[in-house]
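**Student:** The listed protein sequences derive, respectively, from chains A and B.
The first sequence lines up with residues 11 to 440 when you count with the working numbering.
The second sequence lines up with residues 20 to 298 when you count with the working numbering.
Worth flagging that the hints you see were computed from the coordinates, not collected in a lab.
Misleading hints may appear alongside valid ones.
[What the hints assert, rightly or not] Simulated coverage check for chain B against chain A, where a stretch passes if three residues somewhere in it have a Cβ under 8 Å from a Cβ of chain A: (1) 69 to 76; (2) 100 to 113; (3) 136 to 146; (4) 261 to 267.
[Said to hold, decoys possible] Pair by pair, the computed Cβ-Cβ distance ranges are: (5) B:Ala146 <-> A:Arg440: 50 to 58 Å; (6) B:Ala135 <-> A:Ser167: 32 to 40 Å; (7) B:Ala132 <-> A:Trp258: 42 to 50 Å; (8) B:Val131 <-> A:Asp93: 18 to 26 Å; (9) B:Ala135 <-> A:Pro437: 37 to 45 Å; (10) B:Trp207 <-> A:Thr193: 54 to 62 Å.
The beta carbon of each residue, even a glycine, is placed where N, CA and C say it ideally should be.
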Amino acid sequence: MKRLLVFGAALALTVASAQQLQGNPNLRGEITVWSWDIAAKALEANIPGFNKLFPNVKVTVLDIGNQATYDRGLAGCAAGGGDLPDVYSIENNEAEVFWARFPNCFTDLNTLQPAASTLRNQFPAFKWTELTVGNKVFAMPWDSGPVVMFYRRDIYSQAGVNPATIRTWDDFIAAGKKIAQATNNRVKVGVIANGQDDEWFRMLANQNGCFYFNNEASAVTVNQPGCVTALETVKKLIDAGIVMQGGWNEQIQAFKAGTVATSMFGAWYEGTIRSNAPDQSGKWGVYLMPASRAGGVRAANLGGSALAIPASSRNKEAAWAFVRYALGTTEGQVTMLKQYGLVPSLLAATRDPYVAQPQAYWGNQRIWQQILGTLGSVPAARGTQFFQEARAIMVKTQADYVAGRFPNAKAALDAAAQQISQATGLPIAR
Amino acid sequence: MKRSATPYLFLSPYLAIFALFWAWPILESLLLSFQNTRVSPPVWNLSVNWGRILGDAAFWDALRNTVLILVIQVPLMLALATVLAVALNSQLLRARGFFRFAFFAPVVVGAVAYSAVFRLLFNQNGAVNAALGTQLNWIFDPVGAMAVIIITLTWRWTGYNAIIILAGLQSIPKDIYEAAEIDGASPWQQFWRITVPSLRPVLLFCLVLSIIGTLQLFTEPWLITNGGPGTATTTLGVYLYRQGFQNINFGYASTIAYAITLLALVFSIIQLRLFGRES
Chain A
11 MKRLLVFGAA LALTVASAQQ LQGNPNLRGE ITVWSWDIAA KALEANIPGF
61 NKLFPNVKVT VLDIGNQATY DRGLAGCAAG GGDLPDVYSI ENNEAEVFWA
111 RFPNCFTDLN TLQPAASTLR NQFPAFKWTE LTVGNKVFAM PWDSGPVVMF
161 YRRDIYSQAG VNPATIRTWD DFIAAGKKIA QATNNRVKVG VIANGQDDEW
211 FRMLANQNGC FYFNNEASAV TVNQPGCVTA LETVKKLIDA GIVMQGGWNE
261 QIQAFKAGTV ATSMFGAWYE GTIRSNAPDQ SGKWGVYLMP ASRAGGVRAA
311 NLGGSALAIP ASSRNKEAAW AFVRYALGTT EGQVTMLKQY GLVPSLLAAT
361 RDPYVAQPQA YWGNQRIWQQ ILGTLGSVPA ARGTQFFQEA RAIMVKTQAD
411 YVAGRFPNAK AALDAAAQQI SQATGLPIAR
Chain B
20 MKRSATPYLF LSPYLAIFAL FWAWPILESL LLSFQNTRVS PPVWNLSVNW
70 GRILGDAAFW DALRNTVLIL VIQVPLMLAL ATVLAVALNS QLLRARGFFR
120 FAFFAPVVVG AVAYSAVFRL LFNQNGAVNA ALGTQLNWIF DPVGAMAVII
170 ITLTWRWTGY NAIIILAGLQ SIPKDIYEAA EIDGASPWQQ FWRITVPSLR
220 PVLLFCLVLS IIGTLQLFTE PWLITNGGPG TATTTLGVYL YRQGFQNINF
270 GYASTIAYAI TLLALVFSII QLRLFGRES
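Please construct the entire structure, taking both the sequences and the accompanying hints into account.
**Tutor:** This is the structure in structure tokens:
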């Protein structure tokens, strides 16, 4: 499978750094922004800087939750654009369903001044794939989600585990057993949302160069070898009894209570840990995700979002100014990185001196350098307009396989591929 | 104006609203069920949705879960409600007004609010585990999650049904019981020979309402378990919502809606066959 554009090469291609955004006191109006969790807080943190340039635009950020943003956005588009904000947050994985079913719901950003196509070189190419249909650009790239392991230094060392020696998933399982032993089984080594989500499967599959669909969005590939290995590993982790099962909220409760020693997520989870457990400062660190086999890929991507402007917005110009300030300037992106750990995809921002600084919360580790360093190794994966349907089927398949209802991972994924193919009308790739 | 037109004139506002907000959506969704709505604009395709539904494992899972709730939760709840109604009707009970209100109160609470509370209660670190001294992972276990849904529904609707049954109890003439007592019938015999048969139409009414409610069940599984783990608590209502508003496949969602309607029809016929003749 094709590799992403190597980050270094992309940097070299970007001749000019991000343009300075020109302020304009004549631009007036009020705009509303929909987003979720720390993403909403990060956008809010950008309002003061934005208002220095555009003092007469009033920005209101509403945190309505991730699922609700998606659901209400689709409902709004289905209703012909009613009840939508001026700026809409959208996950790259889920973006294509909007463009496919409601091509008129969002503003083509090439029709605004300056056209989005003039900003193309300021972001890595892969971030635009799901946001572009033909010549139209429906959203501006925001953050990306390079996957890493966030771990508790104190718990690891108490159990005598050195994270530098964890290179494969087998090493990770061995470490998990040591941690369980050292803590009387009180501390688990991870949280897997088996039955409610398939994030771990997606991260591991992506690492192995496999995903629900191929990158042309023309066939189902979920039963290919990389995905089989990923699903086997998820079951191995659960069977070993070293992970707890829980969703988003349970995971936050667990790391706050110190009952979980590692969180694997997209790097945007950094802000979630830091803002939920400020008292654990200095106790955390970061290492690369283990590979499926020695010497294998130790990088993946989970999540990553974009901002779109609904066609029903009455203040498109002001909305576009805000989007360009928050996502298109180093200042805007670094503000979000500093306060909430959102990993910029704006190339100029990845070279900001802040990225190279040691982070006190993370035991003075230079985590951003390390995290951004993995971006070049992330295999490409595409959500397509059928992402949610495939995901629902995979969540069930994973739970059934873990519960022992299939003889092996290949059989489980063959059944999933069959169902996804039936649900989407796409053929299963040979 | 002709005199015969007058009633229609009075009815016309209702008829207009009925046509706009009831008849048209019902017809529109029937038409949608024969269209592929995953392309823009939708195209006619008579088999795309109806051809899919019978082979769709997720639909069968949802149907199985809904039927499971029907055969476990509904009888359990109606039995509890009957016992509760008899107790509330007892002359021995003090502060009857208070108890009647207390058992009816859950219906007044917003579904979203109490769903959130139940999710917290059954959390792995929640109050239920603390009280039982267990570490059960209710929400993440297929059987546990279904148990939570059934407990929640029973908590909310038992009192409501009990109040309806109570009204039925009070309409049973007292002299029947007096006559039975003179004939030497025990309270147990009175309950089975007089109370239950007299309540038959009321119980049938509660049963019909509960079955319709279960077929439409959405809020509790959506908010407490999100239909999971896997599809363990996905009801037909949840599956319809997922297809309609998460996958934006209105055509297939309409097909599911019509499938639910057909099921309701089948259940109604069965009920009439079983209970309808005598009452």
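**Student:** Each hint should be assessed against the structure and marked as holding or not.
**Tutor:** Hints, one by one, checked against the model:
Counting residues of the region 69 to 76 of chain B whose beta-carbon sits less than 8 Å from any beta-carbon of chain A gives 4, enough to reach three: the coverage restraint holds. Counting residues of the region 100 to 113 of chain B whose beta carbon lies closer than 8 Å to any beta carbon of chain A gives 0, which falls below the threshold of three, so the coverage claim is violated. Three residues within the 8 Å Cβ limit are the bar, and the region 136 to 146 of chain B against chain A gives 3, so the coverage statement holds. With a threshold of 8 Å between beta carbons, the proposed coverage of the region 261 to 267 of chain B by chain A holds, since 5 of its residues qualify and at least three are required.
The given range of 50 to 58 Å is respected by Ala146 (chain B) and Arg440 (chain A), whose C-beta atoms sit roughly 53 Å from each other. Look at Ala135 (chain B) against Ser167 (chain A): about 39 Å separates their beta carbons, and that is inside 32 to 40 Å. For the hinted restraint 42 to 50 Å between Ala132 (chain B) and Trp258 (chain A), the CB-CB distance of approximately 20 Å leaves it violated. Distance hint check for Val131 (chain B) and Asp93 (chain A): the Cβ-Cβ separation is about 19 Å, which falls inside the suggested range of 18 to 26 Å.
Hint check: Ala135 (chain B) to Pro437 (chain A), Cβ distance near 43 Å, so the stated range 37 to 45 Å holds. Between Trp207 (chain B) and Thr193 (chain A) the beta carbons are some 57 Å apart, a value that agrees with the proposed interval 54 to 62 Å.
Violated hints for the displayed structure, listed by number in ascending order: 2, 7.
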